[in-house]
Every structure is written in C-alpha cells, then in structure tokens.
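J.: Taken in order, these protein sequences are the chains called L and E.
Heads up: the first sequence begins at 1 in this note's numbering, then just goes up one per residue.
Heads up: the second sequence begins at 1001 in this note's numbering, then just goes up one per residue.
Among the clues, some could well be false.
[Said to hold, decoys possible] Here are the simulated lysine-lysine pairs, DSS-like style, with alpha carbons at most 30 Å apart:
hint: 1; chain 1: E; residue 1: LYS1256; chain 2: L; residue 2: LYS436
hint: 2; chain 1: E; residue 1: LYS1113; chain 2: L; residue 2: LYS436
hint: 3; chain 1: E; residue 1: LYS1344; chain 2: L; residue 2: LYS306
hint: 4; chain 1: E; residue 1: LYS1113; chain 2: E; residue 2: LYS1066
hint: 5; chain 1: L; residue 1: LYS367; chain 2: E; residue 2: LYS1297
hint: 6; chain 1: E; residue 1: LYS1293; chain 2: E; residue 2: LYS1308
hint: 7; chain 1: E; residue 1: LYS1344; chain 2: E; residue 2: LYS1293
hint: 8; chain 1: L; residue 1: LYS414; chain 2: E; residue 2: LYS1345
hint: 9; chain 1: L; residue 1: LYS436; chain 2: E; residue 2: LYS1085
hint: 10; chain 1: L; residue 1: LYS367; chain 2: E; residue 2: LYS1269
hint: 11; chain 1: L; residue 1: LYS69; chain 2: L; residue 2: LYS202
hint: 12; chain 1: L; residue 1: LYS481; chain 2: E; residue 2: LYS1256
hint: 13; chain 1: E; residue 1: LYS1345; chain 2: E; residue 2: LYS1269
hint: 14; chain 1: E; residue 1: LYS1234; chain 2: L; residue 2: LYS481
hint: 15; chain 1: E; residue 1: LYS1031; chain 2: E; residue 2: LYS1011
hint: 16; chain 1: L; residue 1: LYS436; chain 2: E; residue 2: LYS1297
hint: 17; chain 1: E; residue 1: LYS1243; chain 2: L; residue 2: LYS481
hint: 18; chain 1: E; residue 1: LYS1066; chain 2: L; residue 2: LYS436
Because the hints were derived from the structure by calculation, they are not lab data.
Predicted model only: the values in this text are computed from it and were never measured.
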Amino acid sequence: MAKNQKYIVGQEKHFMLSDNWAEPYTLDELAVDHKKVSEISSWLSNHRHKCGILLLTGSTGCGKTALVKCVSRSLNFEIREWITPLDRDFQTGVETGVFQNQTGKFEDFLYSSSRYSDLFVKSSNAASLLLVEDYPNIFLMKPEIFHEILGQYCRTARAPIIFICSDSSDKSLNIEFELFPQNIQSQYGIAHVSLNPVTRTKMMLALKRMGAYLQSLSPGYKLPTQDVLNEICNSANGDVRYAMLSLQMKPQEDVVAMFDFAGKRGPSKKKPNSQKQTQEEEAVSTCGKDDRVGILHAVGRVLYPKWRGEGEKISSNNVKRKRKEGEKHLDATTPGVEWVHNPNTLADSYLSSASSFLLLVQENYLKTFSSIESVAAAAFCLSEGDVAVNSEGVETTHEISFNAVLRGVMVQNKVPHRAWSPVRSSRCYEIINTQKKLSTILETLFPLYPVSPIVLMTEVVPYMFHTSASSLSNEQHKFVKAVASMESLASFCDTFRTLKEPFNAQKSDKATFVIDPKKQKITEQDDELHISEDESDEEVDEGAANLTMLEAAMAEDMDFDEGAQNLSMLEAAIDNQPEEIDYNALLNDSDDDDILLSQI
Amino acid sequence: MSLWVDKYRPKSLSLLDYHKDQANQLKNLVKQGDFPHLLVYGPSGAGKKTRVTCLLRELYGPGVEKLRMESVPITTPSGKKLDIKTISSNYHIEVNPSDAGIYDRCVVMELVKNSAQTHQLDPTGQRDFKVVVLTEVDSLSVDAQHALRRTMEKYVSTCRLILISNSTSRVIPAIRSRCLGVRVAAPTQDQIISILQMACKKEGLSLPLDLAKKIVDKSERNLRLALLMCESCKVQETPLKEKQEPILPQWQVFLKDTARSIMHEQSPKQLMEVRGRLYELLSHNIPIQIIFKGLLKELVSNCDMKLKAVVVEEAAFFEHRVHQGSKGIFHLEAFVAKFMCIYKKFMEDSVIDMF
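From just these sequences and the hints, can you work out the full model?
T.: What follows is the structure in structure tokens.
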C-alpha cells in the first residue's frame, strides 16, 4: 500500500503521532453512514465544474474531513483547501511584502481557485473542489462580510465549495449558527449535510481495521481484546479520531504483564483473571481523555447508584444476570462494597456547573426513591448542597461539599426504584421566568399602583376579582381572573404577549386601573420596553420542552450509541439554559422589536 | 371606581386615623424645616407607605402627588445595562431596589447620586433637599446597604432618604444608627373596626360588629387586607350580614389544600405532587417566606403538642437555609419531606401505642 509508506519514517516501524496515518483511504473504510456518503458523492458529481455550496456539519471527529477527502478522491476532484495565512512570516520574522487583509486574501482564494486550474495537478481532467474548514476570525465578528463574499462567489465561481463546521455546544462559537443562518442558506441555495456521531458498529469496524493494519506494520503487535475495544468505544462517544488515538496509545499486553508482575508481589491476592481485567480497565482509562460522561448520564449515575462487592467485575451481563436471579441487592451497608461509579469523578467533572447539576438531581430524585425517610435525608443533603454551592469560600470547600452532597444522595437511595422515567429539566428557571414576566405584566397593567409587586400579588389582585371586576379593562380582568382562580400563570404569561399587541396598537383606549386620574400617565416608551422583555424569555422555554422528551439516562451499562447523539444535543441545551440563550434571544428580539414598532 | 383601600387612603398627616401622636411628631419635624434620614418600619398593611406619602405632602405640598413613571438607565461596573423603574415627582423619587436583583448596590448609589447632584430649580418656598424613598429595604443586599451608608452621609445636604422596611432586623446597624426610626405598628382591632365602619358608612352601608371582628381576625391586623376583605364582602352580599364569611385569597386556600395533602399521605409520590403545587405558588409570585409561614401554620395546627416543637424547629432551620442558599424550592421541599417523615413516624408510633 503506497499511501502508507509516507507515514512510516524510514524503514523502522514507527507510527506518527498524528491521526493522519489512520485516515481511511477508500469509501468502504469510512466510518460514515452510507447514505450520507452517497449524498455527498451525488452532490459533488452534479456540481463538477459548476458553482455550488455545501455545508457539512457534525460533531468533532465524526469523519467530516475524511469523508470529503475520500469522496473527492473517488470522483477525481482536486481539493484546494483554504488555510488562514499569517500576516507575518514567523520563521523569518519579516512582514510579507504588501499587506493584504485576510478578507482580501480569502476573496482572492475563492476567486482564483474556483476559476483557474492548478498548474501542478497531475491528472488533467481533475476538477477542483474548494474546501474551507478554517475560517478567518474576522468573519465570526462580522458575518455580513462573509455573506457578501459568498454572493460574489456565486456569481463568478466555476467550482463547488464545501464548508465544514464542527458542531459546538456553545452558541458563540457555533460557526454554523453565525455564518450560515437559515436565510443565507436559502438565498444562496446552500446544501446542508449533517453527520451524526459515529455509531458503535462503525467505530468497532474502524478499530478492527486499524488493529489489523497496526499488526501488519509490526508483527509483534497484539490485537486488543474485545473488552478493550468496548472500553475505547464507550469513552470515545462517537469520536472516531479520538478512538484511533486511544487505540494507538493503548499499552500492549506486555506492559500489562509488567503491571501484573508488580501486582503479584503486593499483599492482596486476588484471582489473577479478575485482576488482569481491572488493570486492563485502568490501563485504558489512564491513557484515555478525561472520561467525562454527559450531564444526564451523570445524573443517572447519581440517581441510580450501584455498588459492587469485593473483587467483582462490572459488566452489564453480570448486573443483568444478578437481577434476574433475584440476588440480594447490595447497598452501602454491605461490608466491602464499593461504588461502581465513583462519586469523586462525578463531582470532579461537574464541579464547575455544580448548581445546575444539583437542580437536575433535585428535579428527578423523587422518582427513584421508595421511602419517605430516605427522601427526607436526601432532600436534607440537597438543601445543604444548595447552601454550600452558593457560599463564598475557597474552591476546595465547594469541591468537598459538592462531593459530599452527591454521596449523600447516593447513599440514601438504598434500593433505587427502577422504571422508565424521563429526566426532566428543573422547573426553577421556568418559575423564575414566569416571575419575571409577571412583574412586567403587573407593571403594564397596574402602573403606579403604590404597593410592592408582592403585596399586589398576594393581597390586592386576588380581591380585585371580587370587588372591582367591572371597572377593569379586558386584559386586567383576564389577568385578575387567572390569579384569583390559581390558574397556571406560566401559560397565561405566554398568551399575554399575543394579547398585548393589539392592546398596544390602539393606545388610545388604553385602560389603566384608575387610582387617581392625575397619576395615570405612562409613556409609550415604557410599553416598548415591556414587549422586548416579554419576548426574550421564549427560547428558554423551548429548551426546557426539548428536555422533557428525553429518555432517561440511567447508569446502565447498556448500549448508549443511539442515545449518545441525543444526549450531546441535550447537554448543549442544558448548558445554555441559564443565561446564554437568554441574552442571544434578547439581542435578536430587541432588534426585531425596533422594526416592528417603527412599522406601527 | 377604585378600591376602598385607595379611596379612603388619608392624604395628609392630620387625617391619619391612628398613631396620631406620631403623626403630630412628624408634622413638627417637618415644621422645623429640616429632617434627618428616616427609617420607617412596621408590618405589612400597617400604613407605612401612606404615612410617608402624607409626610411628603406635608413637606412639598400637593405638587408631590403629580407622579410619573420613568425608567432610569443604569450601567453596572461590569458593563451590563439595566433599566430601573422609578416613580417620581418633581420633589422625590421612589424606587424598589429589589427590582435590580444582584445589582442593587450600583442602582442605589447611582440613584442617590443622581438626585443629590441636581438642586431644586426654584428654591423659593421649597426645601433645599430632595427625598429618595427606598421601599423593601429588607431585601437590599448587605453590600448595597454598606454602599448606602457612605452615600447617605456624603449627600446629606441635598438629599434625604426615607427607607421603608418590614423589620429592622435585616437593616445593618450602621444604617439604623444614621436614620431616625419611625415605627408604624399595626393598628389595633378596635382601630381597624372603626376604620372599616367609617368606610362602610361613607359607602352607605352598615357593618355588623360580628362581621367586622371576623374580618379583623382573618386579616391578622393588616389594614389593607381588612379593607379589601370588607369590600369583597360587600360585593358578595349587600347589605352586609353578620353570618357572612370573609373571602380569603385563592392562594391561601390553595396553600391550605397543599398542607392537607401533606397530612393525608406521606410518600415520595405525594411529595412530587406537593412540589408541583409549591411551584405553582411560587410562580404566582408568592414569596417563599410566606409559603413557609402559611404551610407551617396549617401543619402545626394538626399536630400533637410534642410534635409542634419539633416541626417548628425544622421549619426555622430550613427557612434559615432559604436565606443562605439560592434555590428556595430545595429547602421548602426538604422541609416538607422532613415533616412527612416525622409525621409518619408519629402516626405509626401512636398506632402501636393503641394496641
């Protein structure tokens, strides 16, 4: 295999530490879904020597770049990739001649490489394909420049272009969201293909192929066992590049044997088999990336705590079998047990988002408990946790208290109640939103009423329904009725916006609650403010709705592959929930409002 | 038509119905031409705000009643822009700093500075200071209170502060010592009854004494609540009857039902339901302290004497935690769970004792 040669330094069988050597060469070797492959190939063959834009998205390491390379190779396309240049030549330390900004360079690149063929191309009939994976920073700050360039490209180009974006949970880093909004996609007819994380089967195939390839390079290489492959698959979470790297980094059997040797000298004498097992696990986990499980997954581990007896090995079969046999359930009081999932690791990896983690636990823990006594103890822990997480103090106290809270909740749950139940996002944010909306509604409906909003809600408004119903305006009446009958105000707040728009449009018959006619003065500006605030909260609710659809992420050692992509999506939703969405929405919406209001 | 509460709100110090000595003192204070910062405190519905409004009128004349609502843009040191709603006249500005949440410190400082730096345009016949009224000082963060301490000394020549709070316990001593404390106690039963009867008389109704007593009882000496109840009774049935039952706000009924469901069954599933109800209450803007109080009152009334002490202690413990933490529902739920636990054990024990 000629292509392999260049990755082997000299005649010695070294591996390069880059991932390139593991890259698939033919279409069959790709770890991507066949449908997606054929989608891309048909698009490419349709756009040979034509202008066309394709946007390829997917999570990191799902094989986007490899896909493009393989397909273009098979269809005889020559890839020309944009690499953001440095303004200064760092090797010589001299500024490179005429200064041209990155935007200009990018423009030039698009223009020249899409029209003129490369002089150095070996095969004359190769069509060129532009590939952009690396975006000049200026575009992220000013997407409109990018959109302009795209328009220019559409007018002049004679070669297709593929943009590759990695999905990102953080909206501010999300290139797809920033540079390719929906309206731009439709304006320039951008085709969009989104790749899913690599499935377990595909990943397994790729790993095996790699193992065989490694063995062909050095005969001394021992193929990894199935358990090791499983472990790698689990920790990779759909990231094939990472899986390849960890396969390469996995110590060989002889290294493990060395561990084994050391172990035998030690005081503990366990069965060699099980020890080897655990050490292999350790070996994998020590060289893996920090084994961060998704937040829902982690919540599942807290809610469904599992213990194992001394020397017992974890495997899903084992647990399942035990349950079938009706073996006595282990709990923290059984001597010699240990956690299957160590709370330390959980606490470590979620320390930075401790309070949202606790919120999730709090929302969901009741369903898994069976007795009120343990609930009370766990609730006590959570209450302690809320105080600890919010207290000012050094980082270590947070760490320890968060750890203690998780352990508390886990220990209390002696016999987790197992049933299918969706993990819900906490209603706390929803409530806070409703409260915010409520105060804007109160300000709009009862301006200048001389009591605090709390008194207004607890004392005045409930009685208004009984006393002065006739003198209220329509909106006021609806609101007062909702409050007086303890209707769910969340839904009321949502409908209120639609109610208010016509109310706003005809400002003349604006009816305010009359305290003193002299006092009744509310500027139009105030009303504008209310709308923009009202709208800003919408998106958070949507995020919450998504979450409730979620399947429970129990800490079962089952096959999580299909779930994995859902989970990562939802994690993003959770991470964003408290603030970020809010701000974005606020920014977007306030712009819209200006337009809307100027129309009115 | 406006509510009786607003209709019969006294407009000047001399018209106040109770604490007349205090009203006179305030009057004298104003007559002197100058007055210190004030800290007006007392329970809800005792008439603090009414008293302050009367005081302002005494100071500046009827011009102070021309109110307007403004939103003042304020930029925090971190660059976040806030719009704070204020109610102001030419002479005073009123603000509820708890609207600003964690940014209350800069809001308070900015507002006091803003109003202190502008002098009255026409000082003839007017005071040479403006008044800043801060309501709900209880919920002002300690940070903001410390900031206020310095500001109120610095701008004392052009600006007076009137702080309104429910109790002085959450006002730091430094502020307390810089203000003249004015305690507005809740009106006594008789005072409320006479006010209710006066209002009814003006409406052309006669209020039976029994009903008035019932109203006073239910309103817990909250005059505003009493007037609202009285008016709702009128709507319910005119002329007023002795046997009428004053209407409670729906959320109180809801809270009582919640307490009942806690007593009814003690299980995680039930707790789940209770949590839903608590969330509902919270989303109605009912402060968590009031929920705590209401719940405790209902629960304790159904408890054995021995149990009462334990339950109250638990409630106090978790209520304290609400102030320490940030997510009230955590602690509220922990309290309910704890209560369920205690109550269940108590019931089981008493069943065992029976045999």
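J.: Among the hints numbered above, which are violated by the structure, and what are their numbers in rising order?
T.: Going through the list in order, the structure violates no hint and respects every one.
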